Amino acid sequence: MQSIPEIIRTIPLTNYIMLSSALFCIGILGVLTRRNAIIVFMAIELMLNAVNLLLAAFSSYYSDPSGQIFVFFIMAVAAAEVAVGLAIIVMIYRNIQSIDIGVLNKLKN
Amino acid sequence: MEISNIWYFLSALTLLSALMVIMSKNPIHSVLYLVFTFFCISAHYVLLNAQFLMAVNIIVYAGAIMVLFLFVIMMFDLKKNIPESKSSLTKLAGSVVAGTLLVILIAIVRKNNIPAPLGDKFNSQTGMVENLGQVLYGEFLLPFELVSILFFVAMVGAVLLGKREAGERNF
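So the sequence lines, in the order shown, correspond to chains S and C.
Heads up: the first sequence is residues 856 to 964, going by my numbering.
Heads up: the second sequence is residues 854 to 1024, going by my numbering.
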């Protein structure tokens, strides 16, 4: 049997959960407090990466390859999401000359 | 230097650069900090013995997605149209919500004890390309093929959304 890597022996899995929670909360903070649509989008990417890191950590600690396959699929979906999302932001900028999400309330009137 | 110290240093670096992503005023600085965050997360993948994910993370996130972000930011004239920042009341409310969520998550983790990692059945080759390829092309073959359809739809959608219609100005 192969030996367990030192990082898995010395760092408890709880530390990874704490790290991912902190990253996720930073992402939420970015979504809630910024008005620039691109930065809001980047904060969403941060949240996706926090979840990826946690999935990979659980997968490595319990030797289950499914978790890392899920991370792979999440990355594929994130790439598609970014392509469409940025196209939408470009279209919004072209129409209203701004990427301030506070201006996007035209549907209200 | 012990490996746990490396872990703590790397985690602090990750959180710091993630904070800088949402704090910095200039969007280009934000993108560069985000690239740095992705490299830190890739380093975490290396520590976790997940080499395949490290390579994919660097290629897909730091390579493709961030270049897309940089292109889009450079297309906008952001000197002219900087969105004014939200009121400090909104910022305070957002911080309270995020902080409460963090406290709740940490409390949940501390309440539950996670089962210890398996000792004998541990397989250090889990994250290697060979092992993951066997799983990806065996058990997950159908989702893997469906991802290609998703990419096709996303590509068509992005082109359709980005196309300039007759009479519309460029920028």
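Careful, some of the hints might be misleading.
What the hints assert, rightly or not - A partial selection of chain C residues facing chain S, derived with a Cβ cut-off under 8 Å:
#1 Phe889
#2 Leu906
#3 Ile911
#4 Val913
#5 Val920
#6 Leu921
#7 Lys964
#8 Lys974
Calculated from the structure, these hints are not laboratory results.
In this text the structure is predicted, and so the values were computed from the model without any measurement.
Beta carbons: idealized from backbone N, C-alpha and C, even for Gly.
Verification of the hints:
For the restraint placing Phe889(C) at the interface with chain S, the shortest Cβ-Cβ distance is roughly 12 Å, beyond the 8 Å limit, so the hint is violated. At about 6 Å, the closest approach between the beta carbon of Leu906(C) and any beta carbon in chain S falls short of 8 Å, and the interface hint on this residue holds. The interface hint given for Ile911(C) is violated, since its Cβ lies 11 Å from the closest Cβ of chain S, which is over the 8 Å cut-off. Of the supplied interface hints, the one on Val913(C) holds, with its beta-carbon coming within about 5 Å of a beta-carbon of chain S, less than 8 Å.
The interface hint given for Val920(C) is broken, as the beta carbon of that residue sits about 11 Å from the closest beta carbon of chain S, more than 8 Å. At about 6 Å, the closest approach between the beta carbon of Leu921(C) and any beta carbon in chain S falls short of 8 Å, and the interface hint on this residue holds. A distance limit of 8 Å between C-beta atoms decides the matter here; for Lys964(C) the minimum to chain S is near 11 Å, and the interface restraint is violated. Hint status for Lys974(C): holds, given a least beta-carbon distance of 7 Å to chain S, under 8 Å.
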